[in-house]
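Line by line, the protein sequences are chains E and D.
When we follow our numbering, the leftmost residue of the first sequence carries the number 1, and every step to the right adds one.
When we follow our numbering, the leftmost residue of the second sequence carries the number 1, and every step to the right adds one.
These are computed hints drawn from the structure, not numbers from a lab.
Every value quoted in this text rests on a predicted model; they were computed, and no experiment measured them.
Errors might be hidden in some of the hints.
[As the list claims (entries may be wrong)] Covered stretches of chain D, as calculated for chain E (at least 3 residues, CB under 8 Å):
no., region
1, 73-79
2, 93-107
3, 112-125
4, 132-139
Beta carbons: idealized from backbone N, C-alpha and C, even for Gly.
This is what each chain is made of:
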Amino acid sequence: MYRLAIKMLMGDRLKYFGLLAGMSFAAMMIAQQASIFVGLISQTGTFIRGLPYVDLWVMDEQVRFSEDQQPLPDTALPRVRGIEGVEWASPMFKGWLPARLPDGTRLNAIVVGIDDATLIGGPLAMHEGTLEDLRRDDAILIHYKEAGTKLKLEKAGGRTLRIGDRISLNDHDAFVAATFDSDPSFFWDPVIYTTYSRAVQFSPPQRNLMHYVLVKLKPGADLEEVRAHIERATPYKALTQDEFIALTRDFIAEKTGILINFGIAIGLGFFVGMLVTGQTFFNFTLDNLRYFAAIKAMGASSWMLIRMVMLQVLVAATLSLGIGLGIAALMGQQLKETDLAFLMPWQVPALTAASLLFISLLAGGLSLIKVLRLEPGVVFKG
Amino acid sequence: MTTPHSNNTATIPPGNTRAAPQGNSVAVRCRNLTKTYGSGDAAVRALRGVDLDVQRGEMLMLVGPSGCGKTTLISVVAGVLDRDEGECAVLGQDLASLNSSQKAAFRAKNVGFVFQSFNLIPTLSIAENVAVPLLINRVPRKEAIARGAEILAKVGLGDRTKSLPTKLSGGQQQRVAIARALVHSPKLLVCDEPTSALDHKTGQKVMELLRGIAMGGDLSLIVVTHDQRIFEFADRIAEMDDGRIERVTTGQGHAIAAAAL
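The shape of chain E in the complex, shown without the other chains:
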């Protein structure tokens, strides 16, 4: 009977495609919204993830996320360097500075100052030029994509900021020496790399200007021991990459309302999907009710009818899941070349599958109530 159930499902092309369209739309909505949410949340850790060789990030204990400006005193660096198990420790400046582009456009930029001597903390991938170009006078690095977007010279015909251009950072002259590449960031302001000493120079006078101490452990050193040692010997906290990413992610999710907003969007996708799927499948069952009644009269057990309807539901759900996920993935592929966030880890298809399964079983269950309550005698009523 199961092949016949499938043929009943697929036989009426118009209704079948209508059913698939409704369910695929639900799957696509859930997967797409969830992927954008995951993508956005993932982007909050882009900067931290860009320094995979750093074992510990040492920071003020009140730092809440990666862009939080809670500077440490200069003494933090030698104190951390002196701790057993630390192979090297490197200073990092990270803060917002006002910038003025060659065409006069004013904006804020996230300036990252990295160790002058070693250039530890710089971007992993360069687009044009090298990291060593930072050693040139007044040199800065800009993101090659941001050069044509966030740093675009709007008042100069929309020209891309390019190597050789000079910009002003907090009224200090800076020279674009090279461009780098990195994953898109959650934060909206352009990122500019320079050396630590230059960043301090660009920055308004302030007692403390070191925001992080990047730590690499000696081979064989126990991370927990070193971390405990740092936290005992200094008033600072030391986080691993994953911990720092989680801290940033949780803060942004909580404080920006992104979690609630996307939760609502995903919930709406789920709800709309449930309505569309439920109504479409329920109508499909209603259209076939007289045939189910005939089959029931001919001796099909309730269990057989349950299996037939559930098989129809599951086949429609599986196909719709594939179509919906496929469309969502294609949309994600199209977004790949943009800065828009889209990330589909395995949890997203799993969540979508679970949601669609729930929606489908609910729709199938509602339809089944109608089928199971059906008096087979109705088949004699014409």
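Since the structure of chain E is already known, use the hints to place chain D on it.
For chain D alone, kept in the frame of chain E given last:
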């Protein structure tokens, strides 16, 4: 044949009674059947104490005005509706003693249905439609389709097995429905207005087909109809009114069958 029972007993006109055409065994035996829909002021007494016997191999027609209880009676006899009171044994089985699963299994094995509106599943080929009762009885699909095709050949549709029902005329669809009702060799065939959706000529052909089927073995047919033009095919005609069988008369069906033989 009917058995006298209180005021609701069917009246058998003298001279019209006769023995069952195929042996003496009774396929359906109902006594004092009652069935009421709803309750209180809205209660509708569809059956008011019906007595009815249907012999094996007999074609019995149930006739009467709309709302007289014909459909309710065949629903009870076919095991798709529970009676309120009385007794009803079908093929020796008291249906009231079965639970719904057992009743479904009983129907699957023993009862064939021909519906007024055919109820052929439009997305299945006619061979697949005919195979449905076999599939319900867990016959493997290939075998069920093959047997469906065989019986379709017997009703003159052997060359249309892969057609969809919507591609057939009304008469052809009813022949498919008859094939579906017979494919699992039931002992009781219940037909609800089998000719009402057909023109006279096609209706006659369908009845000839049913009559031919009833002629051979011990299959019993109960045919609900308003169509007086097909009364001649019945062995007996039970006239119902207001939830009772008022009269049972002998039809020409046996003579037709005998002439055909």
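Outcome of the hint check:
no.: 1; hint: 73-79; in the structure: holds (count 3)
no.: 2; hint: 93-107; in the structure: holds (count 6)
no.: 3; hint: 112-125; in the structure: holds (count 9)
no.: 4; hint: 132-139; in the structure: holds (count 5)
Comparing the model with each earlier hint shows no violations; every hint is respected.
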